[in-house]
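Chains as they are written, first to last, in the numbering used here: chain C, 1 to 324; chain W, 1 to 299.
Treat the hints as calculated values from the structure; they're not laboratory data.
Take these hints with a grain of salt, some might be off.
[What the hints assert, rightly or not] Using 20 Å as the maximum straight-line C-alpha spacing, the simulated SDA-like pairs for lysine to any residue come out as follows:
no., chain 1, residue 1, chain 2, residue 2
1, C, Lys237, C, Gly272
2, W, Lys285, C, Glu216
3, W, Lys285, C, Lys237
4, W, Lys285, C, Arg133
5, W, Lys285, C, Ile139
6, W, Lys285, C, Ser273
7, W, Lys285, C, His132
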Amino acid sequence: MATSTPQSTRPTTTGGRPSGAPRKGGPAHGGRPRRREGTSSGWGWGFSAPHLIGLAVFTALPIIMTVTVSLFDWPMLGDRSFVGLANYTRLLGDPIFREVIRNTAVFTLLYVPLNLVVSLGLAAWLTPRIRHRHVFRVIFFIPTVTPIVANAVVWRFLYQPDGLIDATTQTVAGVSAPNFLADDRFAMLAVVAMSVWQGFGYNMLIFSAALDSVPESQLEAAQLDGAGAWTLFWKIKFPMISPSVFFATTMTLITSFQVFIQPFILTKGGPGSSTLTLVQYIYNEGFQYQQLGLASAAAWILFVIILGLTAAQFAGQKKWVHYE
Amino acid sequence: MSDLATRPAPGGTAPHAGQAPRSDGSHRVRHVVSYVVLCLVALAFLSPLIYMVATSFKPRAEVLSTPPSLWGSEFRWQNYVEAFTYFPFARFMVNGIVVAAVGTAINLTVSALSGYAFSRLRWRGRNLVFAVFLATLMVPQDVLVVPMYVLMQQVDWVDSYQALIVPWAFTALGAFMMRQFFLTLPQELEDAARVDGAGTIRTFLFVMLPLARPTMAVLSVFSFITYWNSFLWPLIVVNDVNTFGTIPLGLQSFFGQQGSQWNLVMAASVISMVPTVVLLVLLQKHLVRGIVTSGLGGR
Numbered sequence: 001m002a003t004s005t006p007q008s009t010r011p012t013t014t015g016g017r018p019s020g021a022p023r024k025g026g027p028a029h030g031g032r033p034r035r036r037e038g039t040s041s042g043w044g045w046g047f048s049a050p051h052l053i054g055l056a057v058f059t060a061l062p063i064i065m066t067v068t069v070s071l072f073d074w075p076m077l078g079d080r081s082f083v084g085l086a087n088y089t090r091l092l093g094d095p096i097f098r099e100v101i102r103n104t105a106v107f108t109l110l111y112v113p114l115n116l117v118v119s120l121g122l123a124a125w126l127t128p129r130i131r132h133r134h135v136f137r138v139i140f141f142i143p144t145v146t147p148i149v150a151n152a153v154v155w156r157f158l159y160q161p162d163g164l165i166d167a168t169t170q171t172v173a174g175v176s177a178p179n180f181l182a183d184d185r186f187a188m189l190a191v192v193a194m195s196v197w198q199g200f201g202y203n204m205l206i207f208s209a210a211l212d213s214v215p216e217s218q219l220e221a222a223q224l225d226g227a228g229a230w231t232l233f234w235k236i237k238f239p240m241i242s243p244s245v246f247f248a249t250t251m252t253l254i255t256s257f258q259v260f261i262q263p264f265i266l267t268k269g270g271p272g273s274s275t276l277t278l279v280q281y282i283y284n285e286g287f288q289y290q291q292l293g294l295a296s297a298a299a300w301i302l303f304v305i306i307l308g309l310t311a312a313q314f315a316g317q318k319k320w321v322h323y324e
Numbered sequence: 001m002s003d004l005a006t007r008p009a010p011g012g013t014a015p016h017a018g019q020a021p022r023s024d025g026s027h028r029v030r031h032v033v034s035y036v037v038l039c040l041v042a043l044a045f046l047s048p049l050i051y052m053v054a055t056s057f058k059p060r061a062e063v064l065s066t067p068p069s070l071w072g073s074e075f076r077w078q079n080y081v082e083a084f085t086y087f088p089f090a091r092f093m094v095n096g097i098v099v100a101a102v103g104t105a106i107n108l109t110v111s112a113l114s115g116y117a118f119s120r121l122r123w124r125g126r127n128l129v130f131a132v133f134l135a136t137l138m139v140p141q142d143v144l145v146v147p148m149y150v151l152m153q154q155v156d157w158v159d160s161y162q163a164l165i166v167p168w169a170f171t172a173l174g175a176f177m178m179r180q181f182f183l184t185l186p187q188e189l190e191d192a193a194r195v196d197g198a199g200t201i202r203t204f205l206f207v208m209l210p211l212a213r214p215t216m217a218v219l220s221v222f223s224f225i226t227y228w229n230s231f232l233w234p235l236i237v238v239n240d241v242n243t244f245g246t247i248p249l250g251l252q253s254f255f256g257q258q259g260s261q262w263n264l265v266m267a268a269s270v271i272s273m274v275p276t277v278v279l280l281v282l283l284q285k286h287l288v289r290g291i292v293t294s295g296l297g298g299r
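Based on the provided sequences and hints, a complete structural model is requested.
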């Protein structure tokens, strides 16, 4: 994409120095005194050390700890005891946990396609010929940078009985809108609608930039052949931006499985547990009921699901992604 | 870029279709209709935020009115004053800025160093370490919060600024972005610096780093906004909201206590959104480029 490396810098990555003798790997090489290369290995480790240590302590260590903690009955305060896989068997046998997985999957199945359709549609609409295009881009991007908590609070107000939506339907059609957030037929849809509103701006920008890089010459050639806008989009533009679409789909899939703030603020997981999602379940078990072992097991299951989804995406990409 | 040829003059009011080979009136009409519809879509999209701002100035009794109206009987700035007095939003803001600024500074420093090591230095183990960095990007925060909390308990950091800042300051994304940038620089630059007698550190600090300013700007904006909006972790690690609360945590807590006072809640929401919207408007070019070139997208 746009970040491709210019030819002139390639030698850096393949290892040649302009005036140096041919090198064969590591610093311990030859009898001649080495200048920069001799110390380069130390510099490399030195430069990356602060970041590497940080990642080791705050990412690698917690990952290992997740596995360990998940094998214990580990209350937030008090004594812990090793229980083996009991947390996992308990989760898999728990009807609430199964509902949580189902809710999260339903959210994903609704959210990802809607997000992609809206963002792709608007990106296609916002061609460079649209005047004030950058203004529209900024407008549609606003809710992606504002705090999700604030977005969700605002939407909770809209969904409220006598709130903006209800008041509008009463005025226009003379009927009350459903009490979206308290009705288990509508609560998940309400969460999805709010999430699409606040989230599609990222993908829209990615698609918009990708569409900009489709060469004009190809489009003109197709237009001369009599292709309409619809054909032009699906036959020329879409195949050319398919790597971006693939990337965006993968990322959106991963993040939608981590949905938390929207249902947490809008419904607290209710009514009943009809909008309880996986991350809120982890939060509740770990920090409301203070069962860190059970919460870790659930977190590990979330991780496996996300890895699985990513792997499946990459396996499937050959079928429809066109790289040049 | 390739569309420059067919683009109307910047700021020009000439009909766009005039330059197309088969221009006619219907083309132009369609263009105008499309533009008007787009404006309506944008307006509908913004309506929740417009209604939020309008409500934040209404008297409490008029908040849930049918038919809905944009303006109350009076314009109450007082709502903002009350929101600030009910809850320490000024403190939440300062906390949010300190946490985001320090976290961003740490991330920027370690990322610039490691990104440089992964792109311009040759060392044994480089590819392996870089692969490990990339692998950590696969691990979402939600998977780490439980053990991270245990870790915070062990070092006695629960309810502290360090706990809000340090655990997430080492995300590998920054290293990846800096590496991508450094790879685009020509080798001649370094060679020239070497010939002038500059060592590795001086070359990095005075030749390479100044060139990386645009990438670092993108990285800073994203890091800052991510810290500012972060919610799950503060919710877990902060018990004393009035002292260590950040804006999202404070807003949620305020909402929990004053949930029925929608005018004040909307005022608080406006307060929490303003800094991010200002950043977005000021730095839109950086943000757009950052998303496009680094793939920070996909929320």
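How the hints compare with the structure:
no., hint, verdict
1, C:Lys237 - C:Gly272, "violated, 45 Å"
2, W:Lys285 - C:Glu216, "violated, 23 Å"
3, W:Lys285 - C:Lys237, "violated, 24 Å"
4, W:Lys285 - C:Arg133, "holds, 13 Å"
5, W:Lys285 - C:Ile139, "holds, 14 Å"
6, W:Lys285 - C:Ser273, "violated, 42 Å"
7, W:Lys285 - C:His132, "holds, 14 Å"
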